[in-house]
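Student: So the chains spell out like this:
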Amino acid sequence: MSIDISLNINGESHDLTVDPTETLVSILRDRLGMTGTHKDCCMGICGSCTVLVNGRPVSSCLLLAVQINGDSVRTVEGLENNGTLSPLQEAFLTFGAVQCGYCTPGFLMTATALLEENPKPNCAEIVDALKGNLCRCTGYKKIIEAVQAVANA
Amino acid sequence: MSDCRFTAAKTVEEAVASLAEARGEAHIIAGGVALAILMNEGLLQPSWLIDVSRVTELNCIEVGDDGAIRIGAAVTHSEVAASTDIAASCPMLTEMATEIACGRVMNRGTIGGNICLADPQGDPPVAMLALDATFRVAGPSATRDVPARSFFEDLYTTALAEDELLQEVIIAAPTAGCGTAFGKYAARKAMDYSSTISAAVSLERDPGDGSIADIGIGLGGCGVIPIWPEMTETLLRGRRLNDETFAVMRDVLVQEIEPIGDSLYSADYKRHVASVILKRTLKIAEQRSVAGKGGGS
Ligand SMILES: Cc1cc2nc3c(=O)[nH]c(=O)nc-3n(C[C@H](O)[C@H](O)[C@H](O)COP(=O)(O)OP(=O)(O)OC[C@H]3O[C@@H](n4cnc5c(N)ncnc54)[C@H](O)[C@@H]3O)c2cc1C
Chain A
2 MSIDISLNIN GESHDLTVDP TETLVSILRD RLGMTGTHKD CCMGICGSCT VLVNGRPVSS
62 CLLLAVQING DSVRTVEGLE NNGTLSPLQE AFLTFGAVQC GYCTPGFLMT ATALLEENPK
122 PNCAEIVDAL KGNLCRCTGY KKIIEAVQAV ANA
Chain B
5 MSDCRFTAAK TVEEAVASLA EARGEAHIIA GGVALAILMN EGLLQPSWLI DVSRVTELNC
65 IEVGDDGAIR IGAAVTHSEV AASTDIAASC PMLTEMATEI ACGRVMNRGT IGGNICLADP
125 QGDPPVAMLA LDATFRVAGP SATRDVPARS FFEDLYTTAL AEDELLQEVI IAAPTAGCGT
185 AFGKYAARKA MDYSSTISAA VSLERDPGDG SIADIGIGLG GCGVIPIWPE MTETLLRGRR
245 LNDETFAVMR DVLVQEIEPI GDSLYSADYK RHVASVILKR TLKIAEQRSV AGKGGGS
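Line order of the protein sequences matches chains A and B.
Under the numbering used here, think of the first position of the first sequence as 2, with each following residue one higher.
Under the numbering used here, think of the first position of the second sequence as 5, with each following residue one higher.
There may be inaccurate statements among the hints.
As the list claims (entries may be wrong) - Straight-line C-alpha distance at most 25 Å; calculated PhoX-like pairs for lysine-lysine:
1. 121(A) with 132(A)
2. 193(B) with 142(A)
3. 193(B) with 143(A)
No lab work stands behind these hints: they were computed from the structure.
All values reported here derive from a predicted model rather than from experimental measurement.
Whenever a hint applies, use it, and build me the whole structure from the sequences.
Tutor: Pasting the structure below:
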């Protein structure tokens, strides 16, 4: 069965015909070529496919697109503004919070949602918000420092 | 394209009518967190999905004049965690929901989806057992009430018929002086869901000698279903919480549970952890019961 849905992705409206079983991450990557959202465990564990739906982080590997008809989605591609990286993206570079980069889009989206909801989080709040994202390179310290720097700016 | 049908239900009635029409060939989908894993793993190819995530009646939290809490099945873990009404009357539920994985999972996963999945690791069922909650179930001709304590029948198997859905959970107002608490053990709580051990306690004390007048306990990760340990409850009634009580409790508890060993923890280790987590959670519930505010700290 195919279903017509409309999604607002990074401020742009997309009319899509989807199969009910299609996940949001597949639509983003395979249909729209937005490969910034990474796909890894497909079990909601690693956090690398995190995007914001109506401003809140979700695992796009565990979300059927048909269920969010009419909603707004933000992905890592939407963070920069006219070619300028967001302050958080800049901080990730400055603090060396990026190594292999696989987990980075997920961390950026999770931390973006945190800072929008709570612009001045303390360290414990940052650690708590990021607890569902796995990084196997940085040991987390640099990532936490980068988020903290934006909060303190 | 698959040949999966999709119904975006607007009412409970519509969802139940679709279930009846599908004759066991449909799946209700709420947050989709659990179903999508099965689909991604190739374990499930649904032929009909009935989406209840936007059914208004399933999305409310209400505290009645009688103090009873009613939570619609499609309420997310985030909404349970953020509810000031719930925190005020039953903080154990707030504690429970706040520690479900992480924001990503809490924002989509629902209390009803978690309960109907009937995963023995799930936290909401454990809380429902301790609180002696009632599940209101909607079928094609009527609704019926099923006690949480008889809802979980076997691994991933509940008392729901194929044409029924869970509408809401109802938790009676905690009696004055009752203390509630939720405790859980995992190496990394956001991710080690498949090996967690959890305990929920609702406890009332005798105002005279401080002994346990009434108690409700639920245990997660301790068998093929969420466990309601009746023998342990019976043992604790009339006793005071001290080292002697905890020692005898441990002996009864380890016989009453049957945890499944996995790659992280052996069954014996889980038995040990369960008794430690239950002891700690009992102590917290006891402290809160002194405050005499239905679990408030
Ligand atoms: C990484 C990760 C970590 C997790 N950690 C935890 C944790 O710490 N603690 C915990 O408790 N859980 C945890 N979970 C599990 C998660 O909470 C559940 O999978 C989720 O709550 C299921 O809800 P859902 O709405 O997404 O269910 P769905 O996937 O939509 O449905 C699940 C099942 O319930 C049925 N169903 C749904 N709603 C109804 C209804 N109203 N009536 C009848 N049947 C219905 C569906 O048909 C399906 O069989 C974790 C999950 C992940 C991915």
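Student: State for each hint whether it applies.
Tutor: Verification of the hints:
A threshold of 25 Å between alpha carbons decides the hint, and for residue 121(A) with residue 132(A) the separation of about 18 Å falls inside it, so the pair holds. At roughly 19 Å between alpha-carbon atoms, residue 193(B) and residue 142(A) fall within 25 Å of each other, so this suggested pair holds. Proximity of residue 193(B) to residue 143(A) is assessed by CA-CA distance (about 22 Å); at most 25 Å being required, the pair is judged to hold.
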